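Visitor: Spelled out from the first residue to the last, the chains are:
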Amino acid sequence: MFPKDILGLRLLNASQITTVLDTAEHFRSINQRRIKKVPTLRGRTVMIAFFENSTRTKTSFELAAKRLSADVLSFSACSSATKKGETLMDTARNLDAMQPDAIIMRHPQSGAPHMLAQAFPWSMINAGDGINEHPSQGLLDLLTMRDHLGDLKGKKVAIVGDVYHTRVARSNIYGLRALGAHVIVAGPGTMCPQQLSLMGVELRHHIDEVLVDADVVMMLRIQRERLGRAMMSTSQEYSQFYGLDGKRLQKARSDVLVMHPGPINRGVELMPEVADGANSLILEQVSNGIAVRMALLYLTLGSQGGESGVAI
Amino acid sequence: MVILSAEALEDRLNGLVKEVYAQLNDDFILVGIASGGVFLAQKLKGLLESKLRRMVEMGSIDITLYRDDLYTGLEHPVLGVTDLPCSIDGKKILLVDDVLFTGRTIRSALQELNDLGRPRLIRLLVLVDRGNRELPIHADFVGFHVETQYKDRIDVQLKEGGFEQDMVLLQNA
Amino acid sequence: MEWLFDDVHLLCPADGIDKKGAVWIREGKIYAILSKQESSELQASWGKESVQRQVLSFEGHILTPMFSDILAYVGLPSALHREDLDTLSAAARAGGFGHIAIGPHDGQAYDSLNSVGYMISKLVDYPNIRLIASLTRDGSILCELGRFIESGVCGFFQGPIRDTTVFRRALQYARPYGMPVIVRPVDADLEDVGTMHEGLVSNRIGLRGISTASEEVGLSRLIALVRDSGCPVHCSQISSAQGVRQLARAKEEGLPITGGVAARSLLLDEHYIEENSYNSFGHLRPPLRTKEDREALVEGVLDGTIDSVFADHQSCSSVEKECEFALSVPGALGLETAVSATFTAIKDPTRWVQSLQYTSSIVGGEQRLRKGETASFVLFNPKITWRPKPPYQSRGRNEPLESQILQGRVVGSFQDGNWTYTLSNDSVII
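So the sequences go chain by chain: A, B and C. Just so we're aligned: 43 in my numbering is position 43 of the first sequence, and the numbers increase by one with no gaps anywhere. Just so we're aligned: 91 in my numbering is position 91 of the second sequence, and the numbers increase by one with no gaps anywhere. Just so we're aligned: 89 in my numbering is position 89 of the third sequence, and the numbers increase by one with no gaps anywhere.
These are calculated hints, taken from the structure and not from any lab test. No incorrect hints appear here.
No farther apart than 27 Å at their CA atoms in a straight line, the calculated lysine-lysine pairs in the DSS-like style are these: (1) B:K92 with A:K37; (2) B:K91 with A:K37; (3) C:K371 with C:K20; (4) C:K20 with C:K36; (5) B:K92 with A:K36; (6) C:K20 with C:K48; (7) C:K347 with C:K251; (8) B:K45 with B:K92; (9) A:K251 with A:K156; (10) B:K91 with A:K36; (11) A:K36 with A:K58; (12) C:K371 with C:K36.
None of these values were measured; they are calculated from a predicted model.
Required output: the full structure, derived from the provided sequences and hints.
Guide: What follows is the structure, encoded as structure tokens:
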């Protein structure tokens, strides 16, 4: 049985992750059809609750749910009651009263979806919680890597930037470790503190050291709006030591895959010539996103049991 | 209990091929419904090709996403492959399944084909029609009619599906 | 009315008592401590039981003077939804605490003559609850310590404070008054950036961390100021192995510094938050730290480096806990579980009693097991295993120890010659 909720890759094992990726591959073919829609989730209600701004992830989830024929209702925090002093649990009780089958939630606080998933019967799909995880993004990254590298076992993946405070990074670390990849993280000491090595990753502080033999280089976005006090000096210094430009890319293998969860700070962590270059998989990541999110909806809602199976 | 032997199957399939040719000529696409229908379609493809002395186009569809019982307690909704060789717009389609039972699978398959294009006509071929229909669906070509109870099991074993020998078994409930 | 508590394990380290025996209560006072032999003789002489004479056999139970707790929080004057004095004192009795003190916390500062006077007037009806007032107002102005003492406070508390000069002056100012000064040693800047212990689990589950350095820096500063000012200080709670080492060194040096620990910190560690899906009940200040820290704290209690175990009791409303981990109000219940939790963690009955009675000199209730003393004691059944669950006597239900099986339980509190609490569903007690 697939879990009811997708809270994070921390809570999925290798075989569950593989099931998601395999299922997503099937959904990819539907996205190439003229009629990009199957009746699978007909009559199911999927709520998209974003307590934090986002366009890409929200659109991607919306499209995924619609292509599966679900009824989709989406709302964002500014139009909700949270600003009026209602607790998250109260908001959830109200949503629950409308009998959703799944809630896709993004929330600025780590652990918010975990708390609701425990308390309610519907499927909870975490679309990003605080600095913790962003499982659908992690899975689409894994799918993109698998497309190009096949089995990820033993592959070297470098993650560069603010690893501690980036939820995509944490999801990727769990997923990659589960599938047997070797993960190397690099970034300033404030963003890659030494305790990160407790998560089974190799810790480096210079991008050139990790570029040499990496199969994949994943550049993280510097989220200035999220950074606490004194997390970095200047973006110029960051760019000089941790940014990826054409010249630095030459130190890597010619077939190295360059990934970025987007949106890119062009000129800070990624220079245009790399972002738009031959090694970049950034747009592929986006299109894989829909297939992965369809797979997540299909698998979690498909695991909500009812009466015994009916002959077909 | 074996109800149909390899010899009986071979005889009947040759008969079916003749019927199909008489009705559809040769410009159709074979579409097997995963998974049993695909094995049967492969067998038919061989027979048709040796009769017609040319390639017969074949595809497969997986109807999991079109099922009407996805949320009634199925354990692992594993997806199969939908793979058609070309556009089906304006084409004749011979839809193939091993067993016709409630009719729900065929309904799903018709809906999926409808989403994939607009064929000129669709005909249905099944190896075993075991009755107990729940929807107004009938097959154009039927290998065998077998009387069964609702809870009986019909098991079609074909070499294409990895079995030693072709045969059809009936397991009473 | 006379009672004979027969066949109990008498435990009072202060009197050097640790033996099987019986206690004879007469007119609300301990009339005699009897051996098994003497008890049988007395029972024979009494003959049949009467309404005026009761023999209660508590085989295997520990009978010890009531426990005391240094720093509980109540929602007065402005947060009554958290806890009031009735629910607080009921929780204390159920937990085996005879005397407790309430202290300033999280917006409930007792830092003006008004607020202190108000609290003291409320406490008139609660003789077993005393007040600990603020040492400074907002960490920037010295409080009127002398006038607070006149009003009847039993000590002063200082939470996180940024201005070291104010802190130093406050200790200098407090010293001549000779009243207990209690401090939670922490560097506020280091603590404020996080919500749980920074380490393995915070990395795993993506919560911002509070480094152990926050305690080390806070404690180093405190030790320096104690040395400098000569003011005796009790650290309300130490949370890390490093803190235990620092405290041990300061004591070795002869500094007048003592330390406490929250009972739950002896059983729970950072893993609680991961294992319980970011349950906000695990949101605490100081945070639950590592397994190694927890073991060092237990060791510290056993070897006496840590003098006192306290309940760190703070009832929170559902609104304060039914929210995102980082947005929830830190704090947890404790009075109803601390005695069992400590027993479960340290196993040594003598240190268990000593550490839970350590603060009686501050909050009152320095009872002994001696002839002529007021009859106030706790009956504790060390054989019961239980898992805390609501309803609680306290108003809140934020009890992280619900995740634990506890060993031993208070089955009755006998205070000033009367039962003040008996565990329901326990047929032993009539």
